[in-house]
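Same order as they appear, the protein sequences are chains A and B.
Heads up: the first sequence at position 174 corresponds to 174 in the working numbering, and the numbers run straight through without jumps.
Heads up: the second sequence at position 145 corresponds to 462 in the working numbering, and the numbers run straight through without jumps.
The hints are simulated quantities; they were obtained by calculation from the structure and are not laboratory data.
Small disclaimer: the values here were computed from a predicted structure and weren't measured.
Some hints here could point you the wrong way.
Quick list of in silico lysine-lysine cross-link-like pairs, DSS-like style, CA-CA up to 27 Å [claimed, not checked]:
#1 B:Lys467 / B:Lys346
#2 B:Lys392 / B:Lys462
#3 B:Lys667 / B:Lys623
#4 A:Lys226 / A:Lys192
#5 B:Lys462 / A:Lys8
#6 A:Lys9 / B:Lys623
Derived DEER-like restraints, expressed as beta-carbon distance ranges [as the list claims (entries may be wrong)]:
#7 A:Ala24 / B:Ala738: 44 to 50 Å
#8 B:Thr707 / A:Gly33: 47 to 53 Å
#9 B:Pro532 / A:Val249: 31 to 37 Å
#10 B:Pro362 / A:Leu152: 56 to 62 Å
We put the beta carbon where it would ideally sit given N, CA and C, even for glycine.
This is what each chain is made of:
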Amino acid sequence: MDKVADWKKTWVCAAVVVVCVLFAAEITARALGDLPGVEDDAALWAHWREQAEGAGPETVVIIGTSRLRTDIDLEAWREEFPGRRVIMLAIDGSYFFPVLEDLAADENFRGVVLCDLKFPTVNDAVTLRYLDHYHHQWNAFEKFKRNAGTWLQMRLVLVNSSSLPRRFLDSLRKRRPLSSLHLQVLPDRQLKADYRKDHHQPLWKKNPLRLGYKEEDFLPFLASLKKTGNLIRARGGSVLFAELPTTGVLKEGLDENFKELDYFRTFEKETGFEVLSLEKIPGAADLECPDSSHLDYRDAPRFTRLLASVLKERGLL
Amino acid sequence: MLFNSLSFIIFFAVVLFLHHRPFSWRVRKFNLLAASYFFYACWSPPFVLLLLLSTLIDWWAAARINRHRNNPVLKRAFLALSLAVNLGFLFFFKYGEFFLVNFTALLKTAGVAYQPPGANIILPVGISFYTFQTISYTLDVYHGKERPWKSLLDFMLYVSFFPQLVAGPIVRAGQFLPQCENPPGPARSQIGWGTALMTLGLFEKIFIADFLMAPIADRIFDPAAFPSAPEAWAGAAAFSIQIFCDFAGYSTCAIGAALCLGFALPDNFRYPYAAAGFSDFWNRWHMTLSTWLRDYLYIPLGGNRKGALLQARNLMITMLLGGLWHGASWTFVVWGGLHGLFLYIEHGIKKAARARGLGRPAPLTFAALVLLTYVLACAAWVFFRAADLTQAIRLLAVMTAGAEGRGNALLAPIEMVSVFAITALTLGLHGFMRERDLKQTVCALPFWARGLALGILVVLILGVPAQQKAFIYFQF
């Protein structure tokens, strides 16, 4: 009843069951359009933040919100700037300033920082959590876990916690419809958004003026931005800002708000940093954002090349 | 390092590999000790010193108690030292802030404005468990039930043995230390059964407690929620299953992990929701704590030997302190008090039944008693889970008097049905297993049926979205 051989056979049988079920689930998930992607977490961010530690002028660090992750195709970027390293540190729905401060605090950092033109209206809780993870929890074991996870997640759909079978279980538990499979996270943190798989719901349904782009906050924000960015510039690095394409009500709202604040002129005048508004990137304004805020992955290489040509023309990179 | 984490799997694989190498028994025990201290240090390295200090003081005090066994004054002095240190640590770290807050509130009611300094005390994980283990050792030596153990290495391993260090079972010295004398035989089947227990424990914790039950219990026990009566009952039932699967899951993992290393730990749960009455419940729920409280608190207080009134007092003191052991909050005290009350009423009913010459109840009456015990235990769990007494009373009012909720449905009908179905399934399973032994029942199955069942458990463990929630009993 309690023999060694019996338990050996039991566990072999269990292993066969596990392998068969997981194999079937993997095949089904892929057949339904799920793609292997990396777990998008604080550890993945910390992995790339570490690469930016003490980076020199040949390194470009991209910080900002999810738009940078979807709109800048890093493969196209590397083709445009073959000699430069590019690091994606943008965080979804988050505000870039704490990351800029963190880079500025790194006394050896002399790289180029490319920022979103986001005004500080979003919560920076996620950014602060990511920074805390990097500075206090990013140890050898975390690195091992992250690297092993990336390796596995790019090979097996099921390993990712947002894979289709897990989403299915989660949707049952939370009584929500199955979330879309349109986003794929690559190991370099680029987000590939395939809107042919999505319902094309606009993210912004209201005029973002209501979000609090207030004039009285604008100048103090620019002053702190200038002070922080100048720390990087003083060491030989640089800080650039780029506007990213938007569509529909979001674009109308932002245009209205930018006009009201005379955003780009004031931004450049007060900070002295280069600001690439869409007007300065010919052709970029024509790109369509299916959800009003992000480009489809098929349009991202085009935008990246348009942005790259402007950066080259102006001698910024 | 949680049992339900990748870091524990890697850690345990390394420990298991080293433990089954042909090193001397002493080296293997030293490896286990080093692994246990590393395991504890993963939470907070400074608190390793606290664990070490508590261990050394008790080992030393027990030796002194034994040396002066013919000198009652010195013997008592060394016991007092051991108790003062252990209970002092426990009081400071676990109850310091609680007493400070209540003391401040008491002064405020007396019209004295007192602002205590911000204490911000961090609770060392597992302190309630290892403190009770070391206290039981010193008390057993004091009462002459145990001889002081000669090997410090063995004693340190007994206090810090990582499978049960942070959340039990609370092991007695007499159960563990004799196992340190000789290496376990080459019974590899223990690894097969041990890993099966670990799988079962993880399934209970990850799939049932965290994935199925916790989201429902969290929604109903949210202080901002106003559930209807059926929802409040569903929330209480969901929490009753969650807390059982969380804690019994941890204990099962601990027993399985220890078994893989060749150590047998005592059972901590024996199908408690099949209990008929509260004495039966406490013979089945957190058994190592209930027997500890019985042996080191209830019986020394006088137990049931000094009349009905003193028995009631002893029961109440034991259960109130048992409640407070779970956490520094009035909700735990009330939970303990309710159990004390239920136990007292049950003793009275049993006494009356005996006086009338009534024997064992008929099967249907017995089933009704089981159900009644479960329902009352569920009501008591409301205090255990609620954020504060106000919320607990509000929920109980909804559950018993049908006070109205705010009309927003918190649970979908399918969730209500699934909670009650899982509860019924659990009660049925506990009823079926009530008089059975798990190992015998599992081993009676053919290997392929066991393999199929274990395979399904592993798939379900791997299938749920990763959460890595800490075990509830870690906070105690």
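Hint check results:
For the proposed pair lysine 467 (chain B) and lysine 346 (chain B), the alpha carbon gap of about 15 Å is at most 27 Å, so the pair holds. About 15 Å separates the Cα atoms of lysine 392 (chain B) and lysine 462 (chain B), which keeps this hinted pair within 27 Å; it holds. For the hint pairing lysine 667 (chain B) with lysine 623 (chain B), the CA-to-CA distance comes to about 18 Å; that is within 27 Å, so the pair holds. A distance of roughly 32 Å separates the Cα atoms of lysine 226 (chain A) and lysine 192 (chain A); the hinted pair therefore is violated under the 27 Å criterion.
Simply put, lysine 462 (chain B) and lysine 8 (chain A) have alpha-carbon atoms about 41 Å apart, too far for the 27 Å limit, and the pair is violated. Taking the CA atoms of lysine 9 (chain A) and lysine 623 (chain B), the gap is near 57 Å; set against the 27 Å cutoff, the hint is violated. In this structure, alanine 24 (chain A) and alanine 738 (chain B) break the distance hint of 44 to 50 Å, their C-beta atoms being roughly 27 Å apart. Remark: the range hint 47 to 53 Å for threonine 707 (chain B) to glycine 33 (chain A) is upheld by a beta-carbon distance near 50 Å.
The beta-carbon spacing between proline 532 (chain B) and valine 249 (chain A), approximately 34 Å, falls within the hinted interval of 31 to 37 Å. For proline 362 (chain B) and leucine 152 (chain A), the hinted distance range of 56 to 62 Å is not satisfied, since their beta carbons lie about 30 Å from each other.
Violated hints, in rising order: 4, 5, 6, 7, 10; the structure is consistent with all others.
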